[in-house]
Amino acid sequence: MAPAWLRGASFLRNRPMPVWRPGRTPGVRTQHIPRAFIMASFIAKRIFQSIFVMLAVSFVAFALFRYVGDPINNMVGQDTTLEQRAQLKEQLGLNDPFLTQYLRFVNHAMHGDFGTSYRQRRPVSELIESRLPATLELSFVSALIALAMGIPMGIYTALRRRGVLSQSFMAVSLVGVSLPTFLTGILMILVFGVLLRWLPTFGRGEVVHLGWWSSGLFTGSGRLSLIMPAFTLALFQMTLIMRLVRAEMLEVMQTDFIRFARARGLTERAINFRHALKNTLVPVITITGLQLGSIIAFSIITETVFQWPGMGLLFIQSIGVVDIPVMAAYLLLIAFFFVIINLVVDLLYFAVDPRLRVQGL
Amino acid sequence: MKATFAAASVLAGLLALGAGPVQAKTLRWSYQGDIQSLDPMALNETFTMGTQDWFYESLVSFDKDLKLIPRLAVKWENTEPTKWVFHLRQGVKFHDGTAFTADDVVFSWKRSLTPGSDMRSFAMYASEVRKIDDFTVEVTTPQPDPVLPREWIDMRIMSKAWSEKHHTTEAAGIKAGANNYANLHENGTGPFMVIERQPDIKTVFRRFDGYWDKNLATNVTDIVFQPIAQESTRTAALVSGEMDLILPVPLQDWKQLAAYPDISIYHRPETRPIVFGMDQSRDELLFSDVKGKNPFKDIRVREAMARTVDVVAINKKIMQGAARPTGTIIASSINGYDDSFGQPRKVDLEKAKQLMKEAGYPNGFTVQMDCPNDRYVNDEKICQAVSSMLARIGIKVDLLAQTKSKFFAKTQTQGGNQTSLYMQGFSPSSVDAGRVLDSVVQCRNREKGLGLQNWGGYCNEEVDALIAKIRVETGEARRNAMIKQALTIVRNDFAFLPIHDQPLSWGARKGIEVRQRADGVLNIRDIVMP
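Sequence lines, in order, name chains A and B. Reading the first sequence from the start, the letters are residues 1 to 361 in the numbering used here. Reading the second sequence from the start, the letters are residues 1001 to 1530 in the numbering used here.
Possibly wrong hints are sitting among the right ones.
[As the list claims (entries may be wrong)] In silico DSBU-like links for lysine-lysine, alpha-carbon gap of 35 Å or less:
hint	chain 1	residue 1	chain 2	residue 2
1	A	Lys89	B	Lys1165
2	A	Lys89	B	Lys1175
3	B	Lys1469	B	Lys1510
Hints were generated in silico from the structure; no laboratory data involved.
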């Protein structure tokens, strides 16, 4: 039996309902196979699948690289002879058919070698490693901001639907979903960077190196630099979460168990936060998990506007000069992130929803 | 390395707080991209080369007016038509303290011939570089070369001992260059040392105390360079006071920046002219509705176009009047320029229409125009303006404006010059017309590697004969007379459709003295901070 707070959770409607297969009584199965084993086999299966996802992503990427432009011209000066250019192209294997190039990439990638950046003449793995912390830090702080502001705003707008503050939250959220990120970013730079001069307009400030990780969270300038990009990136997610929480809250408030709770004479506070909110949070957690992947992937624009030295900016710069090794590695990494995040989210379902556990996945 | 970075960050932080030495002057500046490598032979690109000039030096250099001046060589002479002798400066030290000698010159020449080097085409102007004594080298050229010192303006001298010690005797190429020590470290003789290098993010320079020239104009002691790709963000960083100097400033931002009294805009025409070229070699254009013939082979069509495009209006409307309208394919700041062939053409629509009629195109024709949208100043806008002007004589332009990687892939000789009408901006690093004639004007020959940048395939044997003579003429007056003759023929052939010398546009805090050199290089030696 599901715990009380899970009953009526509306997100379950979006999940496949357990299928009853004749001859395979779910209850029987769990008795014979240890739970840890099911879990392990599930993870193994997912990781196995993730390899195919990454192979497919890099395959599509390589098929598209031919249309990005000529990398050679960005690697040489205007006086470099045709012969030298042709030589370089040959050396880099750019004359090979795309399938050959792709298989070579896969082969090297399996050995952990992502090649050398055409633009920076440094190993791609080293380049990504130096840029990854900036992106992850920005993404996690944005996700935290989105949650910390989105959830209370969602609850408030659901409980005080006609309040002036609720109406203005809703109006602001409309702006949040409709304004493009680069515009919000530039507007923030104009207001807080140029007019008020409270915050730095670009970059990451001073960073502290902890092993290979670099963090801006421990310095004043690092924290100040983080504010504008993090808010810009969080704005869309924040409005999404707020609207989600609001919709879920409104729905849950209509359900029977809330009415029973009222009948039992529980306080408004207990009803709203202990019973109603808990039920709305399940979909919020899953959506947030999935959105974290897109925050990481779509930080490209925010990073470009604020010259944030993360992977998104690196990717954009690499596209500009057709730096194929960096583009390939970036896309692969993002695909990997999505696979991992999906895996974690699925495991959360597994933990939260007994019906899925029973089904044996 | 990370430890040094951390230490350097702390140091930079202190400087920003003003806790440095008493006369410390820190210049914080930004450009749209980064130096692509610290290796002076890795990439022959204006910005990378120009900034490397702060820490690596060549035998000769340019002053603020692009006149040739001594740098690591004190004087040079053309002892025989095929021999140049350079007398080297004594008492010069590399940043690691070792002394500069002729061995370093010979070594650097050899290094720039290695496979990873992008300076090979320049290094190949010499067949031998020989040490005569510790402070004299003799350069032998395969044929008489009157402009070798100029051509070698970017041939930087590295320390032989240092390069050998760090196993970087080959240039940091793309294939084998990963982890080449010289890619992230420098050891030049220049007035500034790189003390922190985070590619794409931040590069910090410090004044080199052992620099040989004690009379440098600049009083800058520290430099923090941080690239900012986004134009509006870069401008915002200048306005907010986080930057002292930014380049470039978009021309369309001038009006807004005028509202800030503490910011000055510097602008001047660059060494880079913007011209349009057309396919004059194929019998039928690749991208046009004219079949069976090539309208651009007809001089009347080319003249009609030149008489239609109003370069003065383009300058006024699109370039804020900062460009210099031109009638030739070399900038006025280039050695060999003369007003006799450089005046812009007067617009004459009646005559243009008449010419089109005579050429057999009374109703015009359709042609595709190739244009970059992220390479030159307002490139796409210029293309749009030219397109609408050409429509007045019936030439309907199908504009294909795309990012530079795609644009160059299509138009360049390497990709087979798949274009009918294109924009081009060629600026010779030698600041000499000879290079332009060699690359852009000379008949294109893919096998021999001639006329590499002559995408349209213009070919005039008379001009070619002149170019061959110019290449080996050591008398400067005679040489310049022949350049004038060649470029006059090019003008009368309407071989190209010149628009203007594009403008440089920089922004700086008031009080900083900036001398803008026409080749677009930020010459740190001239910058004086208040």
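Hint check:
With a C-alpha separation of about 31 Å, the suggested pair Lys89 (chain A) and Lys1165 (chain B) falls inside the 35 Å cut-off, and the hint holds. With a CA separation close to 10 Å, the supplied pair Lys89 (chain A) and Lys1175 (chain B) stays within the 35 Å bound. A distance of roughly 49 Å separates the Cα atoms of Lys1469 (chain B) and Lys1510 (chain B); the hinted pair therefore is violated under the 35 Å criterion.
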